[in-house]
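Here's the letter readout for the chains.
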Amino acid sequence: MTPSNGLHVETVRVLLRVVIFLSIAGAAISLRLFSVIRFESIIHEFDPWFNYRATKYLVLHSFYEFLNWFDERTWYPLGRVTGGTLYPGLMVTSGAIWHVMREWLRLPVDIRNICVLLAPAFSGVTAVFTYLLTKEMKDGSAGLLAALFMGIAPGYISRSVAGSYDNEAIAITLLMATFYLWIKAMKVGSIFYGALTALSYFYMVSAWGGYVFITNLIPLHVFVLLLMGRYSPRLYTAYTTWYALGTLASMQIPFVGFLPIRSNDHMAGLGVFGLIQLVALGAYVRSNVPSAQFKSFFAVSIVLVVSLGVLGLFALTAAGWIAPWTGRFYSLWDTNYAKIHIPIIASVSEHQPTPWPAIFFDTNMLAWLFPVGLYYCFQELRDEHLFIIIYGLFSAYFAGVMVRLILTLTPVMCVAGAIALSKLFDAYMDITDLFKSSGSAQASSAADSSSETEKKSSKRSSSKKGFPLFQLLTKAIVLSSFVYYLAYFVMHCTWVTSNAYSSPSVVLPSRNPDGSPAIIDDYREAYYWLRMNTPEDAKVMAWWDYGYQIGGMADRTTLVDNNTWNNTHIATVGKAMASSEEVSYEILKQHDVDYVLVIFGGILGYSGDDINKFLWMVRIAEGIWPNEVRERDFFTDKGEYKVDSEATEAMRNSLMYKMSYYRFTDMHNGREAVDRVRSQVIPSDRKITLDTVEEAYTTQNWIVRIYKVKDLDNLGRDLQSAGKSERQESAAALGKRTRNAKKPDLDLRV
Amino acid sequence: MRWSWLLALVALVTSTVADSFTIDNSLWDNVRYYRNIDIAKSYVREVSLVEVINKSDQPQDLYIFPVNDGYDAIDTVSYFRVTDEERGNDIHPIKIVEGVYGIKFQYPIAPGTKFSFKVVYVYTNTLEAVPAKIGLDETQQVLLKFNKFCYSPYTTLEYSLTVSGFTKGLEYQLPLDHYISPNVASLPEVNGRIEDESKVLTYGPVDAEIAPYTVKPLGLLYEHNKPLARVYNLERNFWIPASDVGVVQTEDYYELVNNGAGLSLGFSRVDWIKGRYELAAEHFSLVRLLFPKDAETPYNGYYFTDKVGMVSTHFDTKNDLMFLPRYPLFGDWKYNFTMGWSNLIENSVRKVLNESDVYIARFPLLNTLDDITYDNVSINIYLPENAEFLNATSHLEESSQVVGNELSYLDVSDGHVKVTLKYENLFDDMSKSYVYVKYRYSAQSYWAKVYKIAGFVFTGLMSFYALGLVDLSIRK
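The listed protein sequences correspond, in order, to chains A and B. Position 357, counted from 1, in the first sequence is what full-length UniProt numbering calls 357; the numbers after and before it change by one each time, with no gaps. Position 46, counted from 1, in the second sequence is what full-length UniProt numbering calls 46; the numbers after and before it change by one each time, with no gaps.
None of these hints come from the bench; they were simulated from the model. In this text the structure is predicted, and so the values were computed from the model without any measurement. We put the CB at the ideal spot given by N, CA and C, even for glycine. There could be a bad hint or two in this list.
Claimed, not checked - Distance windows between CB atoms, simulated:
#, chain 1, residue 1, chain 2, residue 2, range
1, B, 303, A, 669, 33 to 41 Å
2, B, 459, A, 63, 25 to 33 Å
3, B, 133, A, 732, 18 to 26 Å
4, A, 500, B, 133, 42 to 50 Å
5, A, 732, B, 120, 50 to 58 Å
6, B, 271, A, 484, 58 to 66 Å
7, A, 23, B, 281, 51 to 59 Å
8, B, 133, A, 687, 24 to 32 Å
9, B, 271, A, 627, 39 to 47 Å
10, B, 338, A, 516, 22 to 30 Å
When you get a sec, could you build the whole thing from the sequences and use the hints?
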């Protein structure tokens with residue numbers, strides 16, 4: 001490249017790169033807007049509703065009030081120290097954007113819209129950092145490919161569509177930023193980049209509990225480098241800077257506090273920090289003493305360090321200075337652990353082990369490009385490639401254990417896939433050497449790119465003479481098939497995003513009889529009813545899935561919510577749902593419950609309802625009261641889970657069953673009715689009666705049913721006998737047909 | 001209690017109005033006093049035709065008219081209008097205290113001369129459902145409390161009362177006998193009857209001398225199987241654009257409640273579906289709101305939201321815009337929502353001919369809902385930024401008028417000028433009434449804003465460029 005036209009080419013290149021970046025950001029953002037266009041600008045699912053509520057609290061109060069926020073409207077009667085038990089990064093980010101827009105740019109945007117659109121906006125930034133990270137691995141063109149993959153890979157989109165206002169929305173961006181800065185710091189060995197890494201890590205810690213992944217991954221990278229004998233002062237500078245600053249910074253987050261020095265999850269970082277000091281000392285000693293002496297010094301110190309370290313760890317854990325591993329951590333290694341010991345964790349669908357189709361669904365061709373990329377990394381195996389390999393292996397394992405961890409696998413898949421594809425394109429798209437002599441081809445390729453493999457391939461291909469038909473054909477076939485794969489990938493991503501990840505789950509799409517699109521809005525109908533027509537201090541009991549939504553939309557006090565910190569409390573709710581009315585009533589009264597809310601899909605065929613989740617309630621309750629609630633009682637003798645005429649005694653008497661099917665058969669004029677979720681026939685002869693609660697509201701499609709807990713009986717009877725006598729009276733009255741309509745006279749009686 | 005203090009209060013308050021004033025019962029006689037109470041809607045409209053004679057030996061021009069109640073059945077009077085039917089002009093009433101008006105004739109009436117006038121007034125929030133809680137399949141009955149006679153400070157010679165606007169009903173004795181005055185014996189015997197052809201309940205006419213301040217509380221319990229819709233807060237926002245986009249953005253926020261009968265049991269969806277109440281022509285639940293469309297308000301680009309997002313249950317029919325709240329409203333159930341749409345600016349903003357840069361904007365007081373009452377209405381008119389507010393007025397007297405500022409998108413100086421007018425106790429018919437705002441907005445103030453924004457953007461970009469020139473690299 002000559003200087004005269006080099007400037008020109010560079011300008012074009014920059015221009016192209018900017019255009020490509022803009023297109024990638026455009027594609028990434030617009031792909032995430034399906035739900036906004038199809039439905040509306042609304043917060044999705046469950047957890048985002050809490051984040052949204054917390055953000056609203058933050059923008060209405062000061063930052064310190066936010067950190068000291070005690071929320072008495074959740075976990076009644078315990079309350080929750082919300083300010084100290086959340087990762088404030090997400091809320092602070094949107095709060096800051098809100099303030100900047102409002103006060104600096106004079107754009108008084110509604111905080112809800114900022115929350116809804118935060119994830120798509122950050123996905124654009126993620127693409128930029130992915131580009132930078134991949135550029136460190138290979139080159140700019142691989143970086144652009146990785147950025148594109150990152151922008152549209154469904155594995156990441158699943159957590160970052162508009163409205164999914166969750167910690168992951170910004171955490172993945174910060175993950176990529178931290179990794180990029182780490183690689184940069186490690187390569188350059190500068191304190192500046194180390195400090196930037198720490199800063200980015202701090203932001204990450206403030207935003208997502210998954211920061212532990214970084215906390216372990218970077219030390220692991222350093223550890224492997226040390227084992228491979230790749231210690232260098234650059235590595236030392238980068239790591240110590242990051243670790244010291246990052247750990248101190250992360251301890252400023254109230255929820256994290258002293259965890260970095262107390263919990264086992266964080267010990268790897270500390271251990272490697274110590275180790276690298278010893279290695280640095282060793283390197284210093286080695287440069288000053290003869291090698292024979294150094295060997296014995298080395299052996300002795302290794303033994304000492306390992307035994308001291310292990311002993312210390314055990315001693316500190318035994319003494320209670322270091323918290324033992326948490327249950328969530330164990331469930332990462334043994335997928336059955338949670339099911340046996342912590343049913344709450346297992347009851348969440350995103351904590352289930354990943355089925356194979358899910359990986360293909362979320363990553364498509366990246367699933368098979370990923371190993372290729374890792375292979376290429378092995379081929380070169382520079383320090384930074386090692387990072388990708390470690391990151392890839394670990395996240396692949398974790399993604400196999402828990403569905404939701406596909407999220408952390410996706411970025412490395414994009415990077416590795418882009419490396420593989422870019423290598424391939426480098427080799428196959430270069431046709432200049434086919435028509436040139438060996439010497440000139442070598443010269444041009446050397447100038448064009450520093451890549452080693454390209455040189456090799458050009459050498460090989462340029463040795464032939466004549467018109468290279470077959471070579472061209474091979475290249476064309478390979479290239480066109482990959483272009484096809486790429487096009488298919490784009491189609492797949494769009495399709496998956498549109499069909500699987502763009503439903504707010506608060507509103508459900510449906511069709512009118514004439515085929516026009518309609519929405520089923522039962523959740524909001526019920527929540528709004530609660531909000532407008534119940535006393536402001538009413539306590540609502542529902543399964544914990546709906547806690548955040550009730551807090552966010554109905555603005556009422558809940559007993560349990562999606563922050564599942566108190567297993568006993570959740571089990572109490574489970575027991576109330578799973579027990580007979582007498583037992584439940586006592587629990588309801590003890591907890592001042594005014595309304596009970598159940599989700600029922602039997603009319604509509606909505607499968608995510610409470611009867612389908614019921615077994616988890618039973619299991620969780622059984623964990624605390626094994627003598628009172630037994631899972632076995634809810635299965636028939638054949639071991640089936642039935643709600644029809646074969647339903648067990650315990651099932652039929654449970655509050656949940658009664659509230660779900662109360663007056664269900666009346667919809668069919670007292671004939672047998674089919675539950676459209678479970679395809680079972682609900683018998684009409686066994687009339688379901690409710691004595692301790694009364695129906696307060698049922699939504700249009702019956703999805704949400706709200707019951708009001710009755711007060712104690714006026715006559716001092718227990719509510720069951722009161723209800724029984726009332727029923728007898730009305731039956732007697734019906735039998736005698738004494739009810740002659742006493743309507744006002746037609747004429748005026750003066 | 002208020003009524004027992006009436007005289008004292010009247011004297012006290014009017015002493016500021018007129019120098020020396022007491023109600024002199026001997027000044028006037030009501031020669032004829034014909035009342036009609038209309039209860040077809042969710043509020044009460046009363047029309048009184050009164051013919052009076054000046055009994056004193058001086059010409060008189062002030063007639064005191066208390067609203068016909070006498071026992072605190074009417075809280076607030078929403079609207080009060082007096083017309084001279086013969087000459088066809090309005091007589092302006094003076095509000096002395098709540099519920100007591102002075103009618104100041106345009107000219108004094110000579111001694112011994114008769115004069116007749118018509119009084120129309122409306123009061124809201126007095127009707128209540130009896131029983132207060134009923135089942136889904138029952139018919140709502142509403143209780144009207146009224147005074148069987150006329151509560152006038154003057155002696156009445158001929159009196160009649162008609163109640164119209166209902167189909168079935170019966171008299172209801174209120175346990176309020178201690179209010180009866182002057183005493184039961186001296187009350188003339190008046191019995192109600194149904195006029196066959198007109199379907200109205202009629203008392204009288206009687207030719208008997210009815211003493212001043214005669215009160216006989218009476219109730220009428222009638223079938224009214226329609227919701228008593230009430231908006232307890234309405235906020236209307238009109239955004240007048242600065243540039244020539246040609247539309248006025250309107251956004252209304254409603255807080256709605258049904259004053260009718262509540263449910264005796266909880267809301268049962270089964271019964272609701274099986275009874276087909278949602279489609280019933282008459283039911284006491286408030287299921288839908290109908291906004292009639294016309295050329296002036298075609299509801300272009302309309303939307304409905306509430307505090308949890310969009311509400312999708314709305315339909316654009318040929319003549320109406322129909323909106324269904326998320327749930328049917330029974331007695332005491334509340335709902336709030338926001339609706340917005342845009343109007344052509346030609347319909348509401350005109351340039352004043354002989355003054356430069358002066359405009360007049362006209363907006364209706366209420367939306368065109370039928371059979372509904374409003375407690376508090378506040379109308380916000382947002383003038384363009386840098387506009388100069390000149391004047392605001394309306395057909396009805398507002399309870400307050402405030403001019404402030406509101407910062408909106410890209411408002412780089414003080415923000416939009418916000419004119420707020422507040423009203424109380426309105427009812428559906430007042431949608432024909434308007435609010436007028438006069439303001440000055442010159443091209444200069446428009447361009448001032450444009451240049452200011454452009455300046456900010458330029459400064460921002462330049463400082464970004466300048467920052468780029470600073471060499472921050474540390475590897476040197």
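Outcome of the hint check:
1. The supplied range of 33 to 41 Å is met by residue 303 (chain B) and residue 669 (chain A), whose beta-carbon atoms lie about 39 Å from each other.
2. The given range of 25 to 33 Å is respected by residue 459 (chain B) and residue 63 (chain A), whose C-beta atoms sit roughly 29 Å from each other.
3. Here the CB-CB span from residue 133 (chain B) to residue 732 (chain A) is close to 24 Å, well matched to the stated 18 to 26 Å.
4. In this structure the hint that residue 500 (chain A) and residue 133 (chain B) lie 42 to 50 Å apart at CB holds, the actual value being about 47 Å.
5. Taken as a hint, the range 50 to 58 Å holds for the pair residue 732 (chain A) and residue 120 (chain B), whose Cβ atoms sit roughly 55 Å apart.
6. Hint check: residue 271 (chain B) to residue 484 (chain A), Cβ distance near 59 Å, so the stated range 58 to 66 Å holds.
7. For the pair residue 23 (chain A) and residue 281 (chain B), the supplied restraint of 51 to 59 Å holds, since their beta-carbon distance comes to about 58 Å.
8. Distance hint for residue 133 (chain B) and residue 687 (chain A): a CB-CB separation of about 25 Å, consistent with the stated range 24 to 32 Å.
9. At about 41 Å, the CB distance of residue 271 (chain B) to residue 627 (chain A) agrees with the hint of 39 to 47 Å.
10. Between residue 338 (chain B) and residue 516 (chain A) the beta carbons are some 25 Å apart, a value that agrees with the proposed interval 22 to 30 Å.
Consistency with the previously given hints is maintained throughout, with no hint failing.
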